[in-house]
Every structure is written in C-alpha cells, then in structure tokens.
Amino acid sequence: MSSWWNRPIICFVNKINFESRILDLGYIIPEAPAPQGSYLPCRVVGNLAFMSGVLPMEAGVISHSGIVGVDVTLDEARAAARICIFNLLSNLKAEIGDLNRIEAIVRLGGFVASAADFGDHPVVINAASDLLVEIFGDVGRHSRAAVGVASLPRNACVEIDAIISFI
Amino acid sequence: MSSWWNRPIICFVNKINFESRILDLGYIIPEAPAPQGSYLPCRVVGNLAFMSGVLPMEAGVISHSGIVGVDVTLDEARAAARICIFNLLSNLKAEIGDLNRIEAIVRLGGFVASAADFGDHPVVINAASDLLVEIFGDVGRHSRAAVGVASLPRNACVEIDAIISFI
Amino acid sequence: MSSWWNRPIICFVNKINFESRILDLGYIIPEAPAPQGSYLPCRVVGNLAFMSGVLPMEAGVISHSGIVGVDVTLDEARAAARICIFNLLSNLKAEIGDLNRIEAIVRLGGFVASAADFGDHPVVINAASDLLVEIFGDVGRHSRAAVGVASLPRNACVEIDAIISFI
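Residue numbers (the UniProt record's numbering), protein chains in the order written: chain A, 1 to 167; chain B, 1 to 167; chain C, 1 to 167.
Only true hints are included.
Here are the in silico distance ranges between beta carbons for each label pair:
{"no.": "1", "chain 1": "B", "residue 1": "V70", "chain 2": "A", "residue 2": "D71", "range": "14 to 24 angstroms"}
{"no.": "2", "chain 1": "C", "residue 1": "S20", "chain 2": "A", "residue 2": "G26", "range": "50 to 60 angstroms"}
{"no.": "3", "chain 1": "A", "residue 1": "L74", "chain 2": "B", "residue 2": "N100", "range": "35 to 45 angstroms"}
{"no.": "4", "chain 1": "C", "residue 1": "D71", "chain 2": "A", "residue 2": "D24", "range": "48 to 58 angstroms"}
{"no.": "5", "chain 1": "A", "residue 1": "G60", "chain 2": "C", "residue 2": "N17", "range": "37 to 47 angstroms"}
{"no.": "6", "chain 1": "B", "residue 1": "G137", "chain 2": "C", "residue 2": "Y27", "range": "29 to 39 angstroms"}
Among the chain C residues that face chain B by a calculated CB cut under 7 angstroms, a handful are:
{"no.": "7", "residue": "L40"}
{"no.": "8", "residue": "S52"}
{"no.": "9", "residue": "V149"}
{"no.": "10", "residue": "R154"}
{"no.": "11", "residue": "D161"}
To spell it out: a stretch of chain B is covered by chain A in this simulated footprint if at least three of its residues, at any positions, have a beta carbon under 8 angstroms from a beta carbon of chain A; those stretches are:
{"no.": "12", "region": "30-41"}
{"no.": "13", "region": "47-53"}
{"no.": "14", "region": "148-154"}
Hints listed in this document are in silico derivations from the structure and should not be mistaken for laboratory results. What you are looking at is a predicted structure, and each value in this text was computed from that prediction instead of being measured. By construction, the Cβ of each residue, glycine as well, lies at the ideal position given by its N, Cα and C atoms.
One chain only, chain A, in its complex shape (with noise of 0.2 angstroms):
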C-alpha cells in the first residue's frame, strides 16, 4: 500500500478535522445514552464497528415516540433521525476516543415505527444520512436500507444503527 512518509500528506489534503467540524457547525455530542439492555454501544472487529441501534433519546427521554405519520409529523421524526446520528456518534466516540479516527460511515441501518400505508421512510432517514454527509462529507457516504417497522423500543419513533470503519 502506501508508504509511511506519504500517508501525513494525503491526511492533510483529503481529511477534514471532523471533530473542530462537529463544532463549527454548532452541534454538540451528548453523553453517550445508556444501553437499554445488557449489550455493549458498539463492538469492534477488525477496523469496523458495529453500532447498537440507538433511539432519539435526549437527557435519558425518547424525543418524539409513536408511529410516524400517526402520532409524529414526519418533520418530528426527521428531528428523531438527527438525534440519533448524534447519540451513535457519542458512542463511538466513547469506544474509538477521537472521530477523526473514522475512515468511513459504511452502512446504516433505518427503522422507522409506521403504519401499513406510510411510504415516506427515506424522507425520515435522509436527515440522518444528510447530517452524517454535512459533517463527514464524503467519508459520510454510506450504504443504507430504510424500513418500516410496527414498533420500537420505548415506542421511539425512530432506530438507526450502523457499521463504521476507522483506523
């Protein structure tokens, strides 16, 4: 691959400071949220980290719970979307220390609590994939299934989990 001397280099030219960024955009990573269960935030393998399924959990209180579309505008839910990108991130900042360290959000998973006729699940989880792009920019492209599910835990409206790779 490449050699030792060269890698500072494609650092400075290719990598954005996504922490200084996360501040500069004004957005604050919260206190990691405690697991709702006996599971760990995030289990690393090799250079991947699995990421629990995290809710739109702030101060210990799910944000907007109840079926998207029914009990939560859709605009609500995208607001649900963005808090857990920022709860998945505290995580994995807890576990890696430094989120400069992420080469690449690689996949994210979307659940979204809905009703048989609802269809607008990308609009929901776009906010979450539109937040990861405007901080990571391109290392924030990633692949993603989104889905509409019956119910979530602690009737959250919104579930996002998510693979990533850092070095």
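Once you've looked at the hints, dock chains B and C against the given chain A.
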C-alpha cells in the same frame, strides 16, 4: 496467498462466467435505479460491498406496492423480490464493473411488507435466493434474514439489501 | 501481531472452554434446524460468520407463535429468544465444528413480532443477550439492534440473526 500464475487455472476450473451466465439465462441487468435519498447504492470496505436496500423498481416505477397477502399476492411478491435482485446486481455492477469479481453473496436481508397474521416471508424471499443460486451457483449461496415489516419506502411490497464479497 | 509461543498462555489465562461451560450450565445445543428456504444457516467470509435469522424452533415446531403483547406474553417471548440462541449456536457449531473457536459475538439482530403500542423489545431480546454473556462471558458481549416487526416466518414471535467472529 496464491501466486498470480495459478489464479487463471483456479478461475477456469471452478468459476462460472457470471456475466455470460446471466445472458444465457435470458436475464438483463437493468440500468441502476436512482437511490431514494442521500445515500450510496453500494459502499465498499475491504473486499465487502455493503449494498443498500433496493426496491422492486422497474423504469422508475415500483412494480408491486402494498402489503403482501392483502394487496399483493405471493406470486406477485416473488416477482418483486426477483426485480430487487436485478436492481441489486445493477448497483453492484455500477460499483465494481464486472460481476465476475463476485466471490460470495454473503448475506441477504429480506423485508416483506406484511400484516400481523402473515407467515410466508420465506416463500417470498426464496424467489430472490433461488435466483442468486441459479445465476451464481455455490457462490450465490448466502445467509439470510427474512422479516415482515409494517411498510416500505414508496409502499413497495419487498426490499432487499445484501453484503457481497468480491476480488 | 502476537508470536506463536505466547498464544497458549493468553488462551489458558483468558479463555473459558465454551463447550464445557454450556454442559456445566445444563444447556444442550440442539440439532441444527433446517433452513426455512433456499439459503445457508451460516456464511463465512474471512473470520466472520454471518448467521441467518433463526426462529424459536424446537423439534421442527415453532415454540411460541403470534404477536408479543397480544398472543404471547413477555416471559414466553423471552423463552423463545433463548431458543433462538441455542438454534443459532447449533448452526454455528455445524459450520465451524467447535464453539471454542468463537472470538466475539459481534452483533445481534433481534426482531420481535409486535403491535404498534409495544415498547418492551429490549426486555425480550435481553433474554438472548444475557444468555450469550452467561455462556461466553466478555466474548459474548455484543452490539445489537432490537426492533418490532409486523410478522415473522411461520408466525414466530421472535427471530434473531447474528455476526460472530472466530479463529
């Protein structure tokens, strides 16, 4: 690993030419469908291609929408699952150029829009699994989770995502 | 990485004999259940085993079917989640021969058949997570997504898939 000079031999002995096989079977890989949001159809990490969830989209239109067992018959849902696979392969070909590079269809996620009393999700997703084995032989044999979801993007009746390894 | 001569020491100090531990706990790994379709119970890529979704199947019969919170109690669903784990381990043992080869339960996907007002998915899937930690200790600690689905194959109340790393 193996030296370069025995690669072609291994290749000729064990491997089907998948691109030819698709033509021989009379199948056509369609134009890659546009993503339904701000994400990538495929994100590669190492030798793994994480494929975004695809819908039964033909020429920009969902072929079968609604709930399987209510609005959509089992046979229609099976046809939709096959269309998903062609779209998935189209996305993969757009990324890696040549489907002969596929080493293994590692995992399929099959999401079937269904009601609470439905139980034939495997019948639907088998249409996708069988198609992959028909084209790729043992290379196409994969692990899988098939579940029944409340609804899917654009009211599609099926969505399929995948992890595929390639060289 | 580590040299060959310190491997056994690390092994004896840190590692539980998982096969013995399963027996000591009085658990029995059942015969691997037949797949409900044309897929593999497990597909290995590198050192990762992608495990297909398993159902709470005992001797070919679903132990608990229906919707959790409606047809199935929380306790019954928890029992079903544990049966899923035994089936998962059975499938893995059939593939890799010896469960002592497990390095990490990397990720669990927990699908709970549930109604729109259900929120106790973690309570159900914790039964699976706790069982894995009981058997495998820290090796069994995993990331996880628990969601509520509309329905599952053969009307099972729970389905669990997994990614497991091994040597």
